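Undergrad: Since the structure of chain A is provided, determine the placement of chain B on it from the hints.
Residue numbers (my numbering), protein chains in the order written: chain A, 16 to 316; chain B, -17 to 309.
Where hints are given, some of them may not hold.
Not close to chain A: a few residues of chain B, all C-beta gaps over 12 Å, as computed [stated by the list, open to error]: (1) Arg144; (2) Leu240; (3) Thr300.
Lysine-lysine pairs mimicking DSSO-like chemistry, simulated, CA-CA at most 27 Å apart [what the hints assert, rightly or not]: (4) B:Lys143 / A:Lys203; (5) B:Lys220 / A:Lys244; (6) B:Lys143 / A:Lys244.
Derived CB-CB ranges, DEER-like [unchecked claim]: (7) A:Gly20 / B:Asn151: 25 to 35 Å; (8) B:Ser52 / A:Asn175: 49 to 59 Å; (9) A:Gln225 / B:Pro304: 30 to 40 Å; (10) B:Leu32 / A:Pro223: 41 to 51 Å; (11) B:Val10 / A:Gly302: 37 to 47 Å; (12) B:Pro148 / A:Gln225: 16 to 26 Å; (13) B:Ala62 / A:Arg210: 27 to 37 Å.
Simulated from the structure, these hints should not be mistaken for laboratory data.
It should be emphasised that the depicted structure is a prediction, and the values quoted were computed from it without experimental measurement.
Glycine included, each C-beta is placed from N, C-alpha and C at the ideal position.
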Amino acid sequence: MGYTGPLRRLTRRLVGGRTVPVLTVCLAIVLVWYLAAIGLNWQTETQKLTRAGDYTVAEAIAATWSAQRPVLPAPHQIVAEVWKTVFDVRPTSPRSLLFHAWVTLSSTLLGFVIGSVLGILIAVGILHSRTLDKSLMPWIITSQTIPILAIAPMIIVVLNSIGVSGLLPKAFISTYLSFFPVTVGMVKGLRSPDRMLTDLMHTYSATPFQTLMKLRFPASLPFLFTSMKVAVAASLVGAIVGELPTGAVAGLGARLLAGSYYGQTVQIWSALVMASVMAGVLVWLVGLAEQAALKRQGARA
Amino acid sequence: MSDARLAPALASRATPEARLAAFALLTVLLATGAFLLLPVGGWPLLFVGLLFWASAWGLTSSLAALSPASKALDRLLSIAIPALFGVTILVLWELIVRGLNVPPVLLPPPTAIGSEIADSTHLLWADFVQTFLKAVIAGYVLGCGAGFLTAILIDRSPFLKRGLLPIGNLVSALPIIGVAPIMVMWFGFDWPSKAAVVVVMVFFPMLVNTVAGLNAASAMERDLMRTYAASHWQSLLKLRLPAAMPFVFNALKINATLALIGAIVAEFFGTPIVGMGFRISAEIGRMNTPMVWAEIAVAALVGSLSYGLIALLERRATFWHPSIRKG
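So here's chain A without its partners, still in its complex pose (with noise of 0.2 Å):
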């Protein structure tokens, strides 16, 4: 093999792998960002200016990417309101985005960890039960296919009203919503050994337990960390809507409730902002885990 010089490798690497292609793509999302919030603040701002006296394109266009309270915002306005609400503000204080974070990270980990070992529990019951498997296993499946979300409020709002209040509530609407992927997941993986391995077990006369602790849990550890990604975005989603109906007063959702009242966009887009990288950390963590676990099993990367 001849010699390529780092940087040709280095050149050839990005443009076939994927960096070169995501970052294009990204960079034209901007741009085509960019000329839509001209496109739809450019009526109300050149009302203003017209108010205001005379100006050039240039003046308007300027005008669009820092209106006040702008239709679309310009992304770099969205960062600077991340960036303001983030760094510049005490973390305990409710005008922090971080505040509002942790305020929704509680509840999503909270529920998401509860769901989990529900999740996991009822696939447990489910495999050693022919009758759970015949009676309850058709409604999980059914119920998810049910718009599960429309019933948060009523949870809050039920759970309100007989004196439980903060953190729970939310935490049990993000329960609701995860524990369903885990237990499809569990159940299949929990199957998934082989009438060969399962024998061999039968053979070595290990008891159910022993069955289930050294082999079956062991093989479905692929499939609950494909189902606790889904879980843990939908636990999120779960916390943000959770936070909507009873007028909550802090996290990601009353930011996006309180946003829309008084028409502020940039603190909607910045609170979508800091769902999306929650979101994002969030399953990336679970990735993190995965690999950790399934290289101690002797997986090759």
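TA: For chain B alone, coordinates are given in the frame of chain A:
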């Protein structure tokens, strides 16, 4: 098992059919007894209720233990067992709520929900028309269509495919429902804003799945098309699109649920005074929980019916696929 202790006469020597009949009779008797005891309440009701539960469990498990020889009977059983389980839950729900005098605000009994559905059919129908027939259908068709067409367009460019797929996968994990307030600001309070939320929600699952599906045809089959000197469009229409259908239908099924959720939640951000999401948040404000449950029952029914319809279409369209051909 508790059922063996409860009914010693039904010990294992009885035939399965006799056991089944005995359990069925016992369950119906106990359910009737429990409803008759409702005015009395207290310990007798609790006792009979528990007995009913045990006997219904026994009935379900003896049904589940059957393995009939004929295929039709087997299919009937696979519907009857979950149905029986559902009815058991409903009866227990009714007994618990009425026996313990749970305030209807917390949890209304199923009969109250049923009579609410019967009483306010016109309201439920109006909400169904507004949310489902207008917002969901329009958004679903537009979003799925746009995702499908985009996938076919970017299919010709590996560069775009490599760039858009990771972004599409990322977006699928994001809480897209948060764009609802923005869409309400842009498109107003009526159904177009809800349809727009649905479009954004269903677009990316469709895009990602269709692109994956277009790659599903194997190299051997593609080479065959090349030896036939098939053009790009010919091989797309005759080989790759049919091969992509299982993936497309997978996205259609995921999106059916997403679309309904998107339209309902978007109505929490502002709506005219009709629609399923509006009704839910308004009736909760009035603490009228039976109506909320009625609305949720309608949503559940609509959700599972549309899912079932798409699954049915899938069976017709992908009749050649091993997972369907086998049955």
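Undergrad: With reference to the structure, classify each hint as holding or not holding.
TA: Hints, one by one, checked against the model:
no., hint, verdict
1, Arg144, "violated (4 Å)"
2, Leu240, "violated (9 Å)"
3, Thr300, "holds (19 Å)"
4, B:Lys143 / A:Lys203, "violated (31 Å)"
5, B:Lys220 / A:Lys244, "violated (36 Å)"
6, B:Lys143 / A:Lys244, "holds (23 Å)"
7, A:Gly20 / B:Asn151: 25 to 35 Å, "holds (33 Å)"
8, B:Ser52 / A:Asn175: 49 to 59 Å, "holds (53 Å)"
9, A:Gln225 / B:Pro304: 30 to 40 Å, "holds (35 Å)"
10, B:Leu32 / A:Pro223: 41 to 51 Å, "violated (28 Å)"
11, B:Val10 / A:Gly302: 37 to 47 Å, "violated (52 Å)"
12, B:Pro148 / A:Gln225: 16 to 26 Å, "violated (42 Å)"
13, B:Ala62 / A:Arg210: 27 to 37 Å, "holds (29 Å)"
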